[in-house]
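Respectively, the protein sequence lines represent chains Y and Z. Numbering that gives the first Met the number 0 applies: residue 0 is where the first sequence begins, and numbers increase by one. Numbering that gives the first Met the number 0 applies: residue 0 is where the second sequence begins, and numbers increase by one.
Calculated directly from the structure, the hints in this document are not laboratory data. Using N, Cα and C, we set each Cβ at its ideal position, and we do this for glycine too. A couple of the hints might just be wrong.
[To be verified] Some residues of chain Y that are not near chain Z, with every Cβ distance over 10 Å (derived):
no.	residue
1	His-21
2	Gly-68
3	Glu-94
4	Leu-111
5	Asp-118
6	Val-175
[As the list claims (entries may be wrong)] Computed footprint of chain Z on chain Y; a stretch qualifies when at least three of its residues, placed anywhere within it, have a C-beta under 8 Å from a C-beta of chain Z:
no.	segment
7	55 to 67
8	179 to 193
9	233 to 242
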Amino acid sequence: MREAISRFVRDGDTVVIEGFTHLICFAAGHEIIRQGRRDLTLARLTPDLIYDQMIAAGCARKLVFSWAGNPGVGSLHAFRRAVEGQAAPPLEIEEYSHFGMVARFSAGAARLPFWPLKDYMGTDLPAANERIRSVACPYTGERLATVPALNPDVTIVHAQRADAEGNTQIWGLVGVQQEAAFASAHVIVVVEELVDETVIRSDPNRTLIPGMIVDAVVVEPWGAHPSYAQGYYDRDNDFYVAWEGISRDARRLERYLEEYIRGLPDRAAYMTKQPGLATRLKAQARYSGGVNYGF
Amino acid sequence: MAAVAARELADGEVVFVGIGLPNLACNLARRTHAPRLVLIYESGAVGAVPERLPVSIGDPALVTGSLMVCGMAAVFQLMLQNGRIEVGFLGGAQVDRYGNINTTVIGSYDRPAVRLPGSGGAAEIAIHAQRTLIVSKLNPRAFPERVDFITSPGQRPNGRRRRDLGMPGAGPVKVITDKAILEADEESGEMTLAALYPGVEPGDVQAGVGWPLARRARLRDLAPPTETELRLLREVLDPGKLYLKG
């Protein structure tokens, strides 16, 4: 992890750590904080606790997003302090809806300059973000909203498994990881398990990201905690609830960053520090049936 | 509120489910009068049958046993923009006279007094779902005459009709509150008092709304929750009282 972040994440980069609730790579975010990256443009649909931590740690200059809350709990307080003018320096924001962010990644992945969508009429979002524009359809004349392509410098995707070449398989919620990866100049894949190429080839429909677009593969079990990995471990809802109290107080949040991120060398140490986690969150077995790929 | 919202759903309908009370209402409907309700979550779970109350909209329990799991591009393009969503549930910090919803900022956008989470998928649900149901507790601060910011357009965003703006869906047809149901008036687009909970007077509803509330010529009485509904909500769906507070 240390090497992958050090090689592919530079100060000033646009960085995407995707994953919709599922497979959010906290381990990568923590390593970026440890390496003290600055002036990053952080983009993802739901900043979640990981970007709240990175904002608090001073990594971010700008946030591009569509829903900035603590899912199922409430607020992201480091984000709110930065936007409500209670923290210096202030955080620049560029705000869309989920469909808008999905469309931005789709355009980026297809190497188109923008994506048209039927959206935003009657909302105040275009007034708040001049990059939400519109175009007349060349066939019908209909007015369509447009959003610009998003092409990150680096996208980090957490996944259940990949082979050494980076052929990556994901199941459960897949969010926009495929689009974000294809839109990006560099791709880091972080996996729960490294598997042999024959495992990937035995179930090719499950491959979301082919090795040809992957720059680095990092094996980091439990790397998504407190997010989750379907079939491996459950979401740590207790931690999401606890974040409300931790993040509400800037000094308490700073102590968290010191104790659980900057003060630890890596994810393995993070897990050792919290011995009950693995037992509490380990997933039960619910295997799929399997299909015949023969011909 | 959860029981009243559940009764608004017909069996077999395709519902875009939000977290919190809408999620309770949909799962209650599925276990009572609407077993073939299709629950779609913006995270990509289609036909979800969660075995536990999902804490977030991306809970792993939404995947296990669902009919389909798709990417979010498919959710928004193939389901929502395609017109497949019959009912969308929305809530928010502010709901106004015309059912416009604000989940973005209290105060001005550039210098917000309170920064809220933002749209998520709400803006496009408000635009595309064939009809939307708003769920919110009555309180004059939550129901101002005009929202500070239109995140999700209602019946007359900035005074304009939905049809003229090219919106496919009918928009918010009802606001389900803890005291009454308001309905969009077909002519004016105003949210209008239509039905009351047992023991509630029209004045109680007006006290929770920041504009002079119009009312239907005849007000309906809403039946209290049945014993089955209460048992399912309290013992099966939300035993930890995650959403059933107070």
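Hint numbers not upheld by this structure, sorted from lowest to highest: Of the numbered hints given earlier, those the structure breaks are 1, 2, 3, 5, 6, 8, listed in rising order.
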